[in-house]
Amino acid sequence: MTPADWSGSNTLSGATSPYLRQHADNPVHWQQWTPQALADAAARDVPILLSVGYAACHWCHVMAHESFEDEQVAAVMNDGFVNIKVDREERPDIDAVYMNATVALTGQGGWPMTCFLTPDGRPFFCGTYYPKADFLQLLSAITETWRQRRGEVEDASGHIAGELRSMASGLPGGGPDVVTELCDHAVAVVLGEQDMAHGGWGNAPKFPPSALLEALLRHYERTGSVAALEAVSRTGSAMARGGIYDQLAGGFARYSVDNGWVVPHFEKMLYDNALLLRVYAHWARRTGNPLARRVAAQTARFLLNDLADGDTFTSSLDADADGREGSTYVWTPEQLTTALGGDDGRWAAAAFEVTQSGTFEDGASVLQLPADPDDPERLERIRGALSAARGDRAQPGRDDKVVTSWNGLAITALAEASVALQQPELARAALRCATALLDVHLVDGRLRRASLGGVVGASAAVLEDHAMLATGLLALYQLTLDATWLTAACGLLDSALAHFADTQRPGRWFDTADDAERLMLRPADPLDGATPSGASSIAEALLTAAHLVDDGRAERYLRAAEETLRQHSVLLARAPRSAGHWLSVAESAVRGPLQVAVACADPQSALLADARRLAPGGAIVVGGHADSSSLLVGRDRVAGADAAYVCRGRVCDLPVTGSAALAEAFGVPG
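In this note's numbering, each residue's number is its place in the sequence shown (first place is 1) plus 892.
Every clue listed holds true.
Distance windows between CB atoms, simulated: (1) Met1059 to Asp1443: 39 to 49 Å; (2) Ala1553 to Glu1269: 35 to 45 Å; (3) Gly1054 to Asp1406: 17 to 27 Å; (4) Ala996 to Ala1033: 17 to 27 Å; (5) Arg1505 to Arg1270: 31 to 41 Å; (6) Leu1411 to Lys1024: 25 to 35 Å.
These are computed hints drawn from the structure, not numbers from a lab.
Ideal Cβ placement from N, Cα and C applies to all residues, glycine included.
Construct the complete structure from the given sequences, taking the supplied hints into account.
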C-alpha cells in the first residue's frame, strides 16, 4: 500500500469518548487506537502521529483549532502519517506509556501530547503543544527523516523503548517497616516543605493537594499534631477563599496558575472535586470548622447539580466557553453593577475583590472571598443573583463520559460527606451511582473503564478502577450493612488480585490486567499524582475489606495489603510529597486499622451516629444487631443499651455504651 492508495477517513464519529467526537469533523483522517490502525501504518510504511488529550483541556482545543481543523495541516498529516487520537481519560494505559517517553525525551509533559511512533508503537520523537507554523515544520522534518534516514529512526526508537523498559523494571521496591515512626518522618518532611505564605506545596502551577491533606488529617487524629492541623487549615482555607474555588456554584478548578490560588485553569474535574469533598467533609467532621462545612456542602451540590447525568457522574467541565477560557466565571465592576445595581454591585466588588485593574484578562477578575462578610444573608442573595446572571452567559462544555474510578471516588466522598454533613440524600446519591455502575460497567464479570450515555465502552478497566470502586462499595456497606455491596467489592478485589498483582514481586501491581492489550510496556506507576495511584488505592481497599469479611479472604486481603504497603514504603521514606495517599493508608494501618462495631437495635442509633461522627479517617464502622456482620459476630447490646466494640487490629477494648467513653476510646483530639 502506498500513500496514493490510501483511502482513509476520519473514524471518530462512532467513538464513546466525547473528546474523540470533538475531532470527528476534522479534515484529519483520525483513527482510534486499534490493531488495525497500527497495521495500516505498517502497510503504508509511514509513522504514527499519536495525539493524546482530554475534553476539558484548553491547549488541546487551541491546537485543534490552529492545526487539526486546518486543511493545509490535515493534508500533510494524512499524506505522511497514520493519525491516532486518544482520550487519556479513557485509555490511561496508553497515556502513561507515552507520557513517560515524553518526559524522558523533553524533561516535561502535558497535554496535548504529540508523539511520533514506528508502526509497532515505539516512540522516536515526542512533544506537547505546537503552534501551526512550528507543527508544519515538525511534520516536514519527521517525514524527511523517516524517508531519508530510517536507520536513525530505528536506532532512536529502539534505544528509547529499551530505556523505558529499563526504567519500568527498575522501580524501587521494599523499604522500612510501616510503623508510626515512618509516618511521623513522612509528615515531618511534608510539613517542612509547605508554602507557609499561601498554603499548599510547590510553585505555580499549583494543584490541590487532596491526598496530602487527607493524610495530615489522619495524622492529626492519631497524634494530636497541631502543625498537621494548621497545615490543613492553611491550605484548605486559602483554596476555599481563592479563585480556584467557584465562589458562586461551588466546586474546584483543576489548578491555579499562580502561587496564591487566585487565577485558576478553569476546567473542573470530577476526580478533584470528589477527593476534595472527602477532605473538606473530614475536616468539618473533625473540627466543626464552618468554612470546611460550607465548602463540603457546596462541593457536594456541585457534583449533584453540575456533573450528575442520571445516576452517575460525568468527567469534567471545560475551561473554555465559546472559545474563551474562563469567560463564564470572571467579572468586572461594571458587570457586577449591571447584574446587581449600584449599592449591591459595589458591595459585591469589595466582598469578592473585583477591581478595576482585575486579576484576569482584559481587566476582569476571578471571584475570591478573602473573609466572610458581616451580612451573610446579603451575601447569599447576591450569590443567587450573580449565579442567575452567569447562567445567561455561554456555558462551558461538559465531558459526559462516565469513568469508573472517578465515580468510585465520588461514591466514597458522598457516603462520608453524608455522615459529616448529616445529609442522608448524599448517601442515597452514592447508592444510586454504585447501582448504575455495576449494572453498566460490569460486563461478563469484568469491569470496563468508561461509558457514554449508558453505553459501555470497549476499554478494559485498569487497577485504579477496581480499587476506587471497591473502596466506594465498602463505604456503602458500612453505611447500610447490605451484603450486596460487600460481595461486589470483594469480586473486584478478587479480580484485581488475579489479573493485576505482580506474581514475581508480591506487593507490586501493574496498572493494566494480564490479559489486556499489550503495549510497548506494561504500566506500573506507584506514585500518587492528581489522583491516588492504583497501587495505593488497592492497598486501601484491601485493608478495609480484610476487616469486613469473615472467611479465608480476610487473611489473603490483609496479607496483600501489608505486602503492598511494605513494597512501597520507600516512597514514604524518600518522596512523601508524591505519596500522599500511601501516607493516608499507612496512617490507618498503624492504628490497626481502627474498627468499630456498634451493636444496636435501631439503624438510627444515637451511639452508631456518634461512632461515625467521632471515628478517625480510615476507620471501619458498622452497626446492627448481633451477628449481622463479621465485626458483630458474638457481640450484642449490653444490659439493654447499645454498645460499641472498638478494636485495633486484633486487639479489642471492652464495650462502651456512651458517647464520651467512645470518644475516649478513639483517642481522637478535640
